[in-house]
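Single-letter residue listing:
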Amino acid sequence: MNGLIPTPDPLGAPSPTIIFQLLGWLTLVLHFAFMNFILGGTLIVTIQEWLFGHRPVIARANSLMLKTMPVALSMAITMGVAPLLFVQVLHGQFFYSANIMMGWYWMAILGLVTVAFYLIYVLISLRPLDGRATLLSRLIVLVNAAIFITVSLIFTNNATLVEHPELWAKIHAGELSPLVMDTKFWMRWSHTVFGALAVAGLWCSGIGLFQKRYHAANREAGEWMYRNGLYWAKSGVFLAMIVGFIYLFTLGGDTLKNFMGNGFMFVGWAVSVCTAFVGLALMVMATIKKDQPKYYWAAVAVVFITLFGMVMGRDLLRYIALEPYYTLSDLTVRPHVSSLALFLGTFVIGLLILAYMIRLLWTVPGDPPTDGAPQETPAAAGESIAAPVEEAAAAVPDEPADEASKVSDQSDDSVQKEPDEGEEPKPDAPQA
Amino acid sequence: MPHTIQYPIWDVPIIGGGMVIAIIAIVHVTFAHFTVGAGLFTAWAEWKANRKGDTLMLKFLKDFSRYIILLPFIFGALTGVGIWFSIALVSPDATSALIHQYVWGWATEWVFFIVEIISGYIYYYTWGKLTPGRHNVIGWIYAFAAYMSLVIINGILTFMLSPGGWVVNQEFWTGFFNPTYWPSLLLRTISAMSLAGIFIAVAANTLYDYTREERHHIITEGGKFLIPLILMIPASIWFLANIPEASARMVKGGAIAMTLFFMFGLAASTLVGLYAYFGLILKRRYINLETALLLGAIAFIATGAMEFVREGVRKPYVIYDYMYSNGILVKDADRLNQEGVLTFAPWTVARLGANSPDQLTHEQLGQAVYAAQCSRCHTIDGVNGIKPLIWGWPEDSIKHNLDTLHTEQPYMPPFIGTSAEKQALADYLKGLQDQYESAKANSTRESTRS
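Chains as they are written, first to last, in the working numbering: chain A, 1 to 432; chain B, 1 to 450.
Since the hints were made in silico from the structure, they are not lab data. Among the hints, erroneous ones may be present.
[Said to hold, decoys possible] 30 Å max Cα-Cα, derived DSS-like pairs, lysine-lysine:
id, chain 1, residue 1, chain 2, residue 2
1, B, Lys-387, B, Lys-252
2, A, Lys-289, A, Lys-234
3, A, Lys-184, A, Lys-170
4, A, Lys-170, B, Lys-48
5, A, Lys-170, B, Lys-422
6, B, Lys-48, B, Lys-224
My request is simple: use the sequences and hints to build the entire structure.
Right, dumping it as structure tokens:
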């Protein structure tokens, strides 16, 4: 078998592998944060839409969730590029081979996600903010849920194939299906989906908190989203933990021994197990003390740490599986400092630009406060960019030429006129 | 051990893996260039409209920014990932080389990509919510980030065609600022601006709440972005002067397909530029939706043609002077000629149920050599099919062609392998030809009968 495994690239890596691992973990967590919202959020909306969509508050909550999805999906795709890059540096020969085994199944991801992306926009334009969604709209939600589940199955299958080079020869010869679909696969995939429900639940609560605080018209829906999101998050974490442990113990004694024998990465994973319990406790506290969102924010922070540790554990398990064929020390390192400096410099500049843009967004005023918050409470970036297409389109100011000119000549420190000026106020639109 | 043809092979019948890449890549390049040009246009036009109080243009830019998030932000982003997916399936070794050499370049581009996406969404969703000045700053950030992603990717793309001194020192910057870096950047900037200019005309015609006069004003402004197309010819000459000599010979007639595609691409681009200058700017003509779409189609074909030429003249390499288009490293050729290509292409052997080339029959040997050396570019009887290519060749010609593959057809890599492997491949190809000719004869007989 070893003769079939491609050797590491002769060009080597331009920096020590630990740098790629660290950046890979960090960017994968960011990718998971958005991807989980898309997968879990679509499942949550689908269930709510079909089972409880007749309740106005749930209908509105579903609308608010859907409206955040285009940006979240864009972010999931964009954030996914970096870990894809680092994976190729570290063990590209396994990744490419697994891709080739899957062939069109792997390529299908692109078509599926493209269709789902446009369907989200179709949903946003079809779905009324309040009231029962039409059958067509509900069917589209169902189709999108099926698409994202399929994509998650393909990704999990690919990750599984990477770790099982012993299957490749038979698959390539056509004697075995590239779709693994064994018990371990289903455990791993379930762990992913439950984790996605947990993260999406937290997003749901966060959107609810935001709506409740800054948009008077959505206060009731916001409250419901906050509570309900915590419910999904608790259930997701609980189920993911159970499945995760069962999955771990099905891996076999040798794998477990090696897993626990790796100091640094195992500790990272072990910490994440502890933080998962802490996160669950914090979610329970946030549910009990629903007027104290500090528990919610603490849970978000802790779940972020948990994701980081879980990603480390996932990485460790992969390298244990690949150990008979490859270790990271097989990859030649030919340090090239200036190209790393180019990236780090650009990264810092990028962060500064993002910070600057967020600061600008902070100047966009929200609704009149509903809970005693200061009048100038800003709208957060997430909401501004999450506004629905049609709402944003409706908010185009028909500024007179001279007024636009005048304003542009003024200092940039002043906020522009009320954008909804001269328009019929929309009760549901985020007011600017 | 040579790092050569070590990967399994992705079989794509009929269209071939290369065509899958080409389809995705041309769509991506069109949308990616459009994004860059659209960023520059919106930032510039908003700045100008703010100064002149042009509310109509501001209204259009608001509508136009919706197109940006609905088209390039979805299609552009996903086809970008699609290129990665497809090149990794078809040419994993070349993809691996690009990643390992330029990972920090790609990562840098990723930062700009994130800034571009976030600023693009903020730009769209904050119309009327930020002051015009601040909103325009977001527009400039978007334009800057989109353009910088082009600045980075251009270095890596041109590296593949003209790595220059990199082949000797394998140093990041030597390959990045290679001989075609600057002319290519100029060409891509022109292309990006012109695609944006054309799409503005399309967009203006698809928005129904504008009068004809209003559309006319917008189209004229957008048309200004087409004027740089006039520079296409000098920029192309500059580019040609810097590509490897053998590549330049292909464009100049050495490979007639390359010459024709290059001329078509250049002529189409220049004509669109001249039309823009004389029609849109000087005569202030109006473009309706049909004409705008026609211009868009011409620009799409021109973009596709130029990309085809860029890819085509790189042959027989995928990374010039470093890796042949079938994935064999140039430096490994001598060793493979002595020890046999299949000794180092384990998947092609394993696929036929053997553990080593010695266990293969003569026919299987030919089949495995074909899979290892030919199948990345040729299908059996689909796009660039080997059967129609060798149709009617006598047996001696097939053998002769394999002997002189790279000298008589400069876009082909040399045959690499032992003489036994070469003979096996020649016999395998002859077998394919016989199948093809008997199939043709059968179909002719049947059509005559009916």
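Against the 30 Å threshold, does the CA-CA distance of A/Lys-170 and B/Lys-48 hold or violate the hint?
violated, 63 Å
Sort out whether A/Lys-234 lies within 30 Å of A/Lys-289, counting only the CA atoms.
holds, 15 Å
Distance restraint between B/Lys-387 and B/Lys-252, which requires alpha-carbon spacing of 30 Å or less
holds, 28 Å
30 Å limit on alpha-carbon distance, applied to hinted pair A/Lys-184 and A/Lys-170
holds, 19 Å
So if I understand the rule, the pair passes when the alpha-carbon distance is 30 Å or less; does A/Lys-170 with B/Lys-422 pass?
Holds, because 28 Å separates the two Cα atoms, which is no more than 30 Å.
Sort out whether B/Lys-224 lies within 30 Å of B/Lys-48, counting only the CA atoms.
holds, 13 Å
Hint compliance for this structure: hint 4 is the single one not met.
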